[in-house]
Every structure is written in structure tokens, then in C-alpha cells.
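Colleague: Based on the hints, put chain B in the right spot on chain L.
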Amino acid sequence: MSTNDWQDVWIYAEQRDGSLSSVSHELLGAGRKLADDLGQKLVAVLLGHQMRAAADELVAFGADKVFYLDSPAFGKFADEPYAQALTDLAREHKPSIILGGATAIGRSFIPRVAANLRTGMTADCTALEIHSEKKVLLGTRPAYGGNIMATIICEEKRPQMATVRHKVMKALERDTGRQGEVVERSLPESELTLRAKVVDVVKEIEETCNIAEADIIVTGGRGVGSKEKFQLVRDLAAAIGGAVGASRAVVDAGWVPYSHQVGQTGKTVCPKMYFALGVSGAIQHLAGMQSSDVIIAVNSNPDAEIFKVATYGIVGDISEVVPELIKQFRNGG
Amino acid sequence: MNIIVLIKQVVATTNVKLNPETGTMIRDGVESILNPFDEYAIEEALRIKDKLGGKVTVVTMGPAQAKEVIRKAIGMGVDEGILVTDRALAGSDTWATAYTLSQVLKKIGDYQLIITGKQAVDGDTAQVGPEMAACLDLPMIAWVRKIEEITESTIRAQRLMDDGYDVLESPLPALISVVKEINVPRLESLKGKMRAKKHEPATWGVADLPDFDLIQVGLKGSPTRVMKTFTPQRQYNSEIIGGEPPQAAASLYQKIKAMNIVNK
Numbered sequence: 007m008s009t010n011d012w013q014d015v016w017i018y019a020e021q022r023d024g025s026l027s028s029v030s031h032e033l034l035g036a037g038r039k040l041a042d043d044l045g046q047k048l049v050a051v052l053l054g055h056q057m058r059a060a061a062d063e064l065v066a067f068g069a070d071k072v073f074y075l076d077s078p079a080f081g082k083f084a085d086e087p088y089a090q091a092l093t094d095l096a097r098e099h100k101p102s103i104i105l106g107g108a109t110a111i112g113r114s115f116i117p118r119v120a121a122n123l124r125t126g127m128t129a130d131c132t133a134l135e136i137h138s139e140k141k142v143l144l145g146t147r148p149a150y151g152g153n154i155m156a157t158i159i160c161e162e163k164r165p166q167m168a169t170v171r172h173k174v175m176k177a178l179e180r181d182t183g184r185q186g187e188v189v190e191r192s193l194p195e196s197e198l199t200l201r202a203k204v205v206d207v208v209k210e211i212e213e214t215c216n217i218a219e220a221d222i223i224v225t226g227g228r229g230v231g232s233k234e235k236f237q238l239v240r241d242l243a244a245a246i247g248g249a250v251g252a253s254r255a256v257v258d259a260g261w262v263p264y265s266h267q268v269g270q271t272g273k274t275v276c277p278k279m280y281f282a283l284g285v286s287g288a289i290q291h292l293a294g295m296q297s298s299d300v301i302i303a304v305n306s307n308p309d310a311e312i313f314k315v316a317t318y319g320i321v322g323d324i325s326e327v328v329p330e331l332i333k334q335f336r337n338g339g
Numbered sequence: 015m016n017i018i019v020l021i022k023q024v025v026a027t028t029n030v031k032l033n034p035e036t037g038t039m040i041r042d043g044v045e046s047i048l049n050p051f052d053e054y055a056i057e058e059a060l061r062i063k064d065k066l067g068g069k070v071t072v073v074t075m076g077p078a079q080a081k082e083v084i085r086k087a088i089g090m091g092v093d094e095g096i097l098v099t100d101r102a103l104a105g106s107d108t109w110a111t112a113y114t115l116s117q118v119l120k121k122i123g124d125y126q127l128i129i130t131g132k133q134a135v136d137g138d139t140a141q142v143g144p145e146m147a148a149c150l151d152l153p154m155i156a157w158v159r160k161i162e163e164i165t166e167s168t169i170r171a172q173r174l175m176d177d178g179y180d181v182l183e184s185p186l187p188a189l190i191s192v193v194k195e196i197n198v199p200r201l202e203s204l205k206g207k208m209r210a211k212k213h214e215p216a217t218w219g220v221a222d223l224p225d226f227d228l229i230q231v232g233l234k235g236s237p238t239r240v241m242k243t244f245t246p247q248r249q250y251n252s253e254i255i256g257g258e259p260p261q262a263a264a265s266l267y268q269k270i271k272a273m274n275i276v277n278k
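So the protein lines, in turn, are chains L and B. Under this note's numbering, the first residue of the first sequence is numbered 7, with each subsequent residue one higher. Under this note's numbering, the first residue of the second sequence is numbered 15, with each subsequent residue one higher.
Bound conformation, chain L alone (with noise of 0.2 Å):
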């Protein structure tokens, strides 16, 4: 079979308690310029239950076409469903691509369906193309904690698949003029199979407000000074409406649980902007936040390396100049 029956753009659109994640109208936006530099359909694939108005959000966001699969299975995450049927699906209509968010859930299950399709996956991508030739999808992705950036293409196996980082690509606007067409189809749970099952889900941020998905994160790290002075980048954080984040060594001294943790060890995120405050910026916090748009350091030691990579800093203790931004943002200056 050639590659050329192997036609259109295909997303996994992502939802977590039944609503979707940023990170799929993220992915609809890269899809919608690789399916138009081909010439082909953007189709978003939405695993869930008692979903339905969420496809046509996905149409708003800028895809041609939505698979809804609907079944109690798909409530909450499993790999097994979830691979199941996007590997059917797959199987069924032959995509030429496939896209998933590299976020806990897409990075767990989307590997089990390139493997059950016996082809190439190309992990937490930052910037995707169509090689203007040979039509193929060029996957470009760090590695070696950011250091090394690697072009990685799928020449002969169908479909190329890639996880995309978060917050790197760009959403369409919402126009729900678009036009669209939703493929509704349930699905029994006694055709799934569901060996690994979530019996239970707990919230562990402390904000409402996940890293993953903020587009402000204030950081602390061990120049903070105490686990009760790090009450003051929760103050700045919710001043300035941002999700709160922790240094590797603030995790390992118990101040702020590691689901908050940023660095190689903890969550890459990719914010429009981030504060460190009192992060020297060792080589493995960088890896997981150098790519934020706009970056903010206050450190009271001024060769600290985080002020390498900063836009703004200010050179002092975290103490007198964190509640004077405090003071700032709650006063609106």
C-alpha cells in the first residue's frame, strides 16, 4: 500500500473531566496549517462521554471534520480504551498524520497506538512543518534537556505521528461560523477492553490553576528562604492571576508538592511569562522553562544563570522586592 492512501490531518483532542484541554485547540491551529500546506481535511478525534456540544467547539477551533466517540469507558483516562479506539479508527480511515498533546495522558497513550499501527511517533515536538518535496511532516523536538534539537521524519510508515508540547503552538480564533461536519458513533463498553481502570481522581494543585496549562507561572526556588516565605509567591501568583511553581530543591524540602515542580526532573511548561524568583537557574530548571515567552528573575546574587535567560530582572532579596510587585499587581500600580 503507498503512502498517497494515506490522506489528511488528524488530531487527538484532549478533555479531562469532560472538557477540553487548551492543548487541543493548540494542536488544532498547528493542524489547520499542515492540512492546508497539503491540501487535506483537519479532522479532530474526541474520545468522551456525554460530550457531544464539544465537537462542534473543535469545529469553532478550525477542524473540517470530528469523529465524537462516545462511551462510558472514555470518562475518565485509560490507556487501553482510549488506544483501542483511536488505533480502530486510524485503521479504518488512514490518516496521514496524527497528532496528540505531549501532556500526562497524551504522552501516555498515543505511543501505544503508533506501536499498535507498526509506525514511527516523534515525542513533544515544538515546532512542526510539511518538507516542501516530499510532503512528509518534519517533527523538530529537543533533547538531551533542551541542549540538542533533532529533526525527526517518518518517510515510509503510515500514519506519521508526533506529541506536541504544550502552549508552543497557537490556537485559531473561535468563529463558529465555521463549517464543519461531527461523525457521532457510541461505543459499547463490552467492546473496550479496560484492565488498568481509574477508581479514583484527586486535585493536588493548590491553585485551580495547573502549570501545565498557565500562561503565567511565578516560580520560587531555594532563594525564597523558608517554606513560610514562599507564601509570598503564592501572594505574587494570585496578584497577578498565575499558577504557582517550585525549583527541584523547594520539592525536595517539602515546601510545595512535586506535581508543581518545574525543571528536567518535573514538568516542561512553556507560559507567555514566567517569574523565578530566588532560582539560580541550574541547567536542569532551564531545560523545563527557557522556552516561556517572556521570563522575569529577582535573585540577590546578580550573577545568578537564571539572569542569562531573562528579559527583566531585578538584582535583590526576595523579601523586600516581591511584596513591593505584590503591591503592584493589587493596586494596579
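For the record, the hints were derived by calculation from the structure and aren't laboratory data. For clarity, every value in this text was computed on a predicted model and none was experimentally measured. In this text, a Cβ means the ideal position worked out from N, Cα and C, and glycines have one as well.
Have a look at the derived ranges for each label pair, beta carbon to beta carbon:
id, chain 1, residue 1, chain 2, residue 2, range
1, L, Arg-58, B, Asn-274, 32 to 42 Å
2, L, Gly-231, B, Ile-122, 42 to 52 Å
3, L, Asn-10, B, Val-240, 18 to 28 Å
4, L, Glu-197, B, Lys-69, 36 to 46 Å
Modeller: Below, chain B alone, put in the same frame as chain L:
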């Protein structure tokens, strides 16, 4: 309980550089270590063995020198190691690696749990685990931060998500990947180090693996290929804002406000 831990030898630093002329990685003088995330996987396996008894086996795929990471695992208390090494495997991508390791697991046969670290710090893909779960048709729990309960036939574990954690229950055999939060890995013991010195791991090539399909592996069998590598070019125009804290904060506030990111 027979537990298999998949481990990998990686370069000791992520601060690697490319030769600007050839575009290949400069490996001279770069030390190799056990992938840091694999230490958590080994530790967790040893803890389960302490509770339930049984055997812990580490498996690694790589060149002959990858024996060193098996020795480290033996030093920590692991029972046995298997080195999978063959010229035919050179250049394997995640699919080819997952296929090979799955054939290894099929040959081992008697296991109840496979543990991997969340990812290897060189490629950072985190793909081999889920791809193996597909090849072996096993249930998988990724990003495990705590095992709440484990018996000979079931596991209940916490999976770290972007907004908290999920608790999952699964029958065994299963494959899990673990995150740093799960434990504090032990150091190699003196006794372990002595044992490691003498330990000669089993060495398997593709000829030792039944029904092995050579078309699936190596540079040729890998669906993906690295087209180019390059050093990221970043331009940072850092500006340090001076003055006493109140003035510096006010000045920073104005600059931030002008960027229209913050709505306050």
C-alpha cells in the same frame, strides 16, 4: 513475584554539544551513567521484592559497555541482569527498541511486573514503555508516584497527572513507569558492589530471541529517522532593572503591563 526493570545507559550530562562542522554529538570525555529515572524503578522493584519475595531482573539494550549499568543495579541489590546487544540493533528508534525488548520479555516469559523510569534523559521520549505495553498487550500505568497496594495478581497505584493524580487498579502482569516522587533510591551497598564485580550478566543477541523479525530493527527497520540535529539558537536581551525595591518593582510593573499579558 518476578519483576523486570528496564534500564538504559546514558551520557552523564545533558549539557552535550554538537560538533558544528559534522553536526554529530561530541562524546569524547563524556562519562556514561545509569539513566537517573531508572534508579527509582530499581528501588521500587527492590521494595516490592522485600514485601512479596521473588526476583528482580534488570534488562538493558545497548553496546557491550552497557554492562556497567547492570553492575550498578546488582550493586543496589538486583538479582540478575540481561544485556541485549547486537550490531543489528544499532540505530534503533523507539519502535524498534520496544519491539526488541518485547521479544526479550517474551523469552523471559515468567514475570508479573515490568517497571521503567518515566523516560531516559538522553532522548527524553518516554515512548518505549507504552510501545512495549502495546507489543505485549499489557495494561499500563504511566507516571506512577506511589504504589498503594500490590499483590501477586493486582496493583493499585497513583498516576501523576497535570492537575493532580489518578488512582488506578490493574490486574498483573502489567507495565508501569515511575516518577521521581515515588521513593529515594538506595546507594549501592558494599556487599552489592562485591557481588557486582563478579557478576557476569547474560548477554543476548538477536539470534537468541525466538521468532525475531530483523526487518523491524536497526537503522533500516526504524520508522523514524533523525534528519538533522542542531544547537538551539536563543537570543536573550536581558535587562536588569536597578533602583531600590519599591522603584524597581514599580518600573518592572510598568514594563509588564505594557506587554498586555497580565490583566491587572
